[in-house]
Amino acid sequence: MFLKFLRLEIKSFFRGTSLGINLTMKILRFIGILYFIGCLIGGAFLAFFYIQEEMHQNPLKMVSKFMIVAWIIDLAIKYLWQEVPTQNIKPFLTMNIRKNTLVNYMLAKTFLSAFSWLTSLFFITFSLIALFNGYSIIGILVWLIGVIALLYLNNFINIFFNGKEPLAIAIGICFVIIGSLGYYNIIPVLSYSESVFLSFYEKPYFALIPVILFVLLWWICFRYLRKEFYLDQGLEAKKTVGKTENIAFLNKYGVIGTFINNDVKMLRRNKVTKGILLGSVMFLFYGLLMFTSSLYKTPAMMMFMGLFVTGGFQFLFGQRVPAFDSSYYPLMMTLNVPYKEYLKAKWWLMNIVTGASIIVALCYAYFGWEVYVTFFAAGLYNMGVNSQFTLWSGAFNKTQIDLNSKEKRLGQKGSFNMVAILLLIPKMLLPMGVFALAKYFTGITGGVVSIAIIGVIGFFMREKIFDIIVKQYKREKYSALDAFKNKG
Amino acid sequence: MINIQNLSKTYGTATVLNIEHLEIPNGETFGLVGNNGAGKTTLFSLMLDLIQASTGFVSIDGIKVNESEAWKNKVSAFVDDTFLIGYLTPEEYFYFIGELRGQNKASVDEFLKPFHDFFNGEILKSGKYIRDLSKGNQKKVGIVGAIIGNPEIIILDEPFANLDPSTQIKLKNLIKELSKQDGVTFLISSHDLSHTTEVCNRIVVVNKGLLVKDIQTNPETLKDLEQYFADQVSVSDI
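Chains A and B supply the protein sequences, listed in that same order. No gaps in the numbering here: position 129 of the first sequence is 129 in this note's numbering, and each next residue is one more. Here this note's numbering = 1-based position in the second sequence + 488.
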């Protein structure tokens, strides 16, 4: 039975997203997956030999020490992105398959998710290296089993947490407290972790604990799901209460206001867009990178960071502009709104957020006004020039986006295209170059002013540029409509 | 008036639609019937400029739909669930469409009043997003959305499918009323011959992309159509 299910899984993996994606995309996706695998395997080599040769420490000890951190990060990632695969189980419910088998299938399915098996790659490779370097076979084997059992435990914990946000937040806060206690050496969390995980290696019978835990949680999870294995209980897609709301003052701005209102609702009510919002907030902190290396202190890199700090939302949202509307694109294309108005609304939304980011970025003035004025100029450039370029590159992004599904298959990111990469030249390299040169020859004032001027020119040329973009969107209309029909 | 000239759509070597000439005058209730794959949705998609014609064109009041967007002022459509915005509540969806069609919140509320019966109390103020409504209720939202803002031409693809019997009757009355009182042109495709003959004053049958029958509805029409499809079955071996 499981073999049959496995065959279905393989089919869904290769067929699910390949619709509408051409061969180059498939190859790129494949390379992407290989790259990830390479990174993890390479990372294992690096971790082992760097610790052994450079730090002259016991690699196994070191990895055990940080295992607790890896485990918590793994749990957090799974909670945020991994969904319990309840939806595609439905067709099997009425087939001649025992429910117990289906529940186990659903549980096993979570292990097939990339989040689960990718981390295992690291630990398997690491253990293999350790084996070849004279560690005891039984010890390493047992250590590996223990570690992987603990990591897979997270899949079950995730199932319990799903939809219980307050509980998850409470536990998150606990982790933060424990983390800071460990950071300030009040509780030696890391050495506890070291002794626990290392004991798997030294006293193999200790590894029975995670294995027993794993089996126990599987059993509890099984009972939990089995009891709710009905369409209107556990298998029901989560519904949220719909609230009719409206940002009233936007109504003054006609069609554009209506569209912005709608986009705000879209951003707030869908899982994918919530991720974008979170990402945009993270980008605000991007400038803190300047403390990690002097490399970031060059004028060009300061500009680079400024562009990301102020334009995080714009980059993330703008390049998905028609794609976010993909599930109702035919409606958009038949409503009596000219294309230009549709794009303008998106443009305003992006620039309002960029404007807000420029204000929030004032915090960077703490590190010197020079930093802030650089970021300020970058913000102006984002508003005047990049907003248009980002919309332009969006026209080529024809990935159907299912707004309300959390999990994305690895390498599904179809937004890669040549045009988007070529557009990086005016978006990133041009301001970086201009700023670096102007600052070199005329000082910080000249640099900031020259970037700001380009931004303002772009701002006033926007009608002209919009006309060009609208033409592009019209040219891509039919192929976009066609591509958006292919659900992932 | 909708005018279709030499319209064809070809995918590779397969021609899925080929209509030499078709005129739909204003105020007509136009029914399109045919089996799956006959080209009904293709025809509607071409009229709405959602796909590109291989040859020929569709023009609405003399404006070719693929050259100007002016037709969007006159036409509204509900073809399938890609015309719904899942993350909105039904009210928000109606306001959104209404505002784009020159209405405001108050006039949309006024417009919705007579539909409380049609919605059967399950749609307005239900506290649900459209994506969480049942298929039938989604369809109701889509159909009512297409009527907002007094469009001159309304295109509905299979409006009767998925609706409960009472709602089917209500929908038929609604279509009749709108076409009689406001002179709205309706384009309706359906698999249900009796509904179509009841509301439409002209029925066109398509088969494998070709226009095979064009009938002004009369008391004999239903029988004719049933006979036609029955013949199709006996001609092709089952």
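Honestly, the hints are just simulated from the structure, not real lab data. Hints may contain errors.
To be verified - Here are the simulated DMTMM-like pairs of lysine to aspartate or glutamate, each with C-alpha atoms no more than 25 Å apart in a straight line:
1) Lys477/A <-> Glu557/B
2) Lys252/A <-> Asp597/B
3) Lys485/A <-> Glu557/B
4) Lys485/A <-> Asp597/B
5) Lys99/A <-> Glu165/A
6) Lys616/B <-> Glu557/B
7) Lys164/A <-> Glu83/A
8) Lys474/A <-> Glu557/B
9) Lys613/B <-> Asp263/A
10) Lys164/A <-> Asp232/A
11) Lys252/A <-> Asp680/B
12) Lys243/A <-> Glu557/B
13) Lys243/A <-> Asp402/A
We went through each hint and held it up to the structure:
{"no.": "1", "hint": "Lys477/A <-> Glu557/B", "in the structure": "13 Å, holds"}
{"no.": "2", "hint": "Lys252/A <-> Asp597/B", "in the structure": "19 Å, holds"}
{"no.": "3", "hint": "Lys485/A <-> Glu557/B", "in the structure": "22 Å, holds"}
{"no.": "4", "hint": "Lys485/A <-> Asp597/B", "in the structure": "33 Å, violated"}
{"no.": "5", "hint": "Lys99/A <-> Glu165/A", "in the structure": "28 Å, violated"}
{"no.": "6", "hint": "Lys616/B <-> Glu557/B", "in the structure": "34 Å, violated"}
{"no.": "7", "hint": "Lys164/A <-> Glu83/A", "in the structure": "13 Å, holds"}
{"no.": "8", "hint": "Lys474/A <-> Glu557/B", "in the structure": "11 Å, holds"}
{"no.": "9", "hint": "Lys613/B <-> Asp263/A", "in the structure": "22 Å, holds"}
{"no.": "10", "hint": "Lys164/A <-> Asp232/A", "in the structure": "18 Å, holds"}
{"no.": "11", "hint": "Lys252/A <-> Asp680/B", "in the structure": "45 Å, violated"}
{"no.": "12", "hint": "Lys243/A <-> Glu557/B", "in the structure": "34 Å, violated"}
{"no.": "13", "hint": "Lys243/A <-> Asp402/A", "in the structure": "21 Å, holds"}
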